[in-house]
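J.: Protein sequence lines correspond, in order, to chains B and Y. Position one of the first sequence corresponds to residue 1 (this note's numbering), numbered consecutively onward. Position one of the second sequence corresponds to residue 239 (this note's numbering), numbered consecutively onward.
Just so you know, these hints were derived from the structure itself, not from any lab. Here the structure is a predicted model, which is why all the values come from computation and not from measurement. Some hints could be false.
Derived list of chain B stretches under chain Y, where covered just means 3 residues or more per stretch with a C-beta under 8 Å from a C-beta of chain Y [said to hold, decoys possible]:
1. 3-16
2. 52-62
3. 98-106
4. 184-196
Away from chain B, derived, C-beta distances all over 10 Å, residues of chain Y [unchecked claim]:
5. Ile457
6. Arg472
7. Phe619
8. Leu622
9. Ser770
Where is the CB? At the ideal position from N, CA and C, for every residue including glycine.
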Amino acid sequence: MRALIVDDEIHAREELEALLAETGAFTVVGKCANALEALQAIRRDKPEVLFLDIQMPMINGLELLGMIDEDIMPTVVFVTAYDQYALKAFEENALDYLLKPVEKERLAKTVQRLKRILKEGERPSPVQGIIPALTKIPCILSNRIKLISLSEVEYVKSDLAGIYVVTANGQYFTELTLRVLEDRTHFIRCHKQFLVNIDHVDEILIGENLQAQISTKSGHCVPVSRRHFKKLKDRLGL
Amino acid sequence: MTLLFSLIQTMSVFLVVAYLYCKSPGFKPLAIESPKLLDKVFLYFFFSAISMMGTYLGLPIQDALANTRAIGPVLAGIIGGPILGTAVGFTGGLHRYFFGGFTALSCGLSTTTEGLIGGLVHLLLVRNNKADHVFDPKVVFLTTIIAEAVQMGIILAVSRPYSEAFELVKVIALPMIATSSTGAALFMSIIRDQRNVYDKAAATFSTKALRIAERTLNILATGFGGETAPEMARIIHEETGVGAVAITDTQSVLAFVGHGSDHHLPGAPIASPLTRRAIAENTVIFADGVHERHVCPLSDSCPLTSVLVVPLTQDNDVIGAIKLYEPRQKRFLNMNKSLGEGIAALLSNQLLLSRYEQQKNLLVMAELKLIQAQVNPHFLFNSLNTIISIIRQDADRARELLIHLSNFFRKNLKRSGNLSTLEEELDHVNSYLKIEKARFEDRLTVEMDIDPSLLHIQLPTFTLQPLIENAIKHGVSNMLEQGKTLIRAYRKEGLAFIEIEDNAGAYEENGGTDGLGIKIVDRRIKFLMGNSFGTSITCVPNEYTRVTVKIPAGGVPEECAHSS
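All chains should be built: construct the whole structure from the sequences, respecting the hints.
T.: Here it is, written out as structure tokens:
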């Protein structure tokens, strides 16, 4: 099984890697120290299993899950030292978790369970119940990560360079995909390459041939494609 | 010459009156600082009577009276002001007028004037902030000389025929001026002495009350009960000088000092029905030993016959009583009676206060226990996980970390609520940081800059730990970049400062919600060292959060150290 380890403490990653190696059931495709590294690695390496620590800087493990595209969502095994609220949620949703320090015997059970799941080809989707709603979008600045809250976002655009979140103050590069942002936020797809935050729409200009354009409150223009115009009208109750 | 002696004789009568007056309850209006209207009315009658007596005791000379009538109005004026002086003078003068003679009018007029002169002197003294000279015999002496001289002038000016008036003045002037002024001065000197006696009694009373207060306050701060009662009883006994002092709770005697201590034993149930009644009804009970006798229920040979029982209250509940006794042969002084009541009121107040302090202290202690108990399970399990991992690579380092971990927990468990030196605090923190450093490795750097001369100063235990834990929690463990923690201790402007800084600058972002640890640290420092000390926080978002602890240069002051 191709596994990815995500934990912000180096010795915790090393220990888990050693334990996984001992089982002989895993190929560790990568080790990540935070959610953003993990997001990139998941997209790049498409691991089958994610060993995920919960308490991590800036974006915790659960929030990370809310940022992963559904079609590459690995099977998740939570690894935590202590988190009584999360553990309760895992129990209720029948999710697998390991407690640090990890016991070999307990890990062996997880291995059995994972083998069964992967053989049966189950799509791992039971995480829905515990994933917190996406409220902030992690954006990468030159020297740090900025979390931009959804309410600030006017629209999101995709171009060759990547996905950009646009606010009244500027635009920021993000690792999240348009698909994730469309599915997990209230933003509306108005164009193949654009999502718009309906709260920031000032007016919609309708041109010839049903070519429309949205003007945002801070004066940005967002194109509306014919394909998405009807959906937009429905959403606005027009 | 005969006239002079006769006048001296008359004057002596006044002095006897003055003496008797001073010993009577009627003296009270003069003993108090600012007499009320009723007191002034009393003084008016008194001094008018003195003035008339001067006329009655006068010696007939050449169809006139050589007399000491002036003493009354002048004294009344000086003591009570121009209105009282004039009123007394007018009354005395009117009285003299009806005696007749060729000086009737002039004497009547001049007596009124003499009262007015006294009053003017009073005003003069008060206006110049020399009110204390009102009772000065020298002032009275001089005033009376002037007043009598003026009287002589009035006689010469008003009485006719002038030649007779002149002859009269020639004879009476000197003896009257001399005796009246001496008499008035002596009269005042008697009044002044008596006033001093009153003042002194009041001063003694206040001193005693204050001394008892001062000596018992500290004792009572530790609570009311079997441990503190004997010392309090001893102090009250010593200060009041009564025969015996007892302190009880609602059931039994807590302490007994003085006569009869052979059979009034601490620990015994309350035997006296008076005490039981005082406690049950929450009233002061006084048995003066004459009308109502205290009969000792324990021993026939008990010398104690008079008793004052004052209930002690806390939040309006009677929690005990203080008893003051005097033996048969000694009168129960009024002063000790009011003193006893005052002491009980004072102690009741103090009990309330000390309970409040205790509760405040308990609260802080409870919160402290809370932070200690809050040793974060997350930290514990992650540390163990880290060490387990390190065992694979470096057994010696793992061993060292386990020792730090046990040192950290031992100190968490052991040190509760007392004081520690900065060095001990740093040792505790150091074990913690060693482990955190192992968890985060290169992601965490710790810098320390400690003024070595501060290592020995005393701090409340657990001052540093919660602050550093916060710095780690909001700093490195929530940052993608390098986490830095700085610990500084330095002296500045005669004070000592300890700073803990992280480079996350996330304090405001978190809305200060997790400031509980900082708040408790702050409260304990203020509690022990005063409100001008404590913690303060500066935060520049995304740059740093700095918690500064301000304390006296010597740490916790010695006298506070025991009450922590």
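J.: Hint by hint, say whether it matches the structure.
T.: Results for each hint:
Remark: the segment 3-16 of chain B is confirmed as covered by chain Y, as 7 of its residues place a Cβ nearer than 8 Å to a Cβ of that chain, reaching the required three. Counting residues of the segment 52-62 of chain B whose beta carbon lies closer than 8 Å to any beta carbon of chain Y gives 3, which meets the minimum of three for the stated coverage. With 4 residues having a beta carbon nearer than 8 Å to a beta carbon of chain Y, the segment 98-106 of chain B meets the requirement of three or more and the stated coverage holds. Counting residues of the segment 184-196 of chain B whose C-beta sits closer than 8 Å to any C-beta of chain Y gives 0, which falls short of three, so the coverage hint is violated.
In this structure Ile457 (chain Y) is separated from chain B by more than 10 Å, as the shortest Cβ-Cβ distance comes to about 49 Å. Separation of Arg472 (chain Y) from chain B is adequate, the least Cβ-Cβ distance of about 57 Å exceeding the 10 Å criterion. In this structure Phe619 (chain Y) is not separated from chain B by more than 10 Å, as the shortest Cβ-Cβ distance comes to only about 4 Å. At the 10 Å boundary, the C-beta of Leu622 (chain Y) falls inside the reach of chain B, the nearest C-beta of that chain being 5 Å off.
Once the 10 Å rule is applied to beta carbons, Ser770 (chain Y) is consistent with being away from chain B; the minimum gap is 38 Å.
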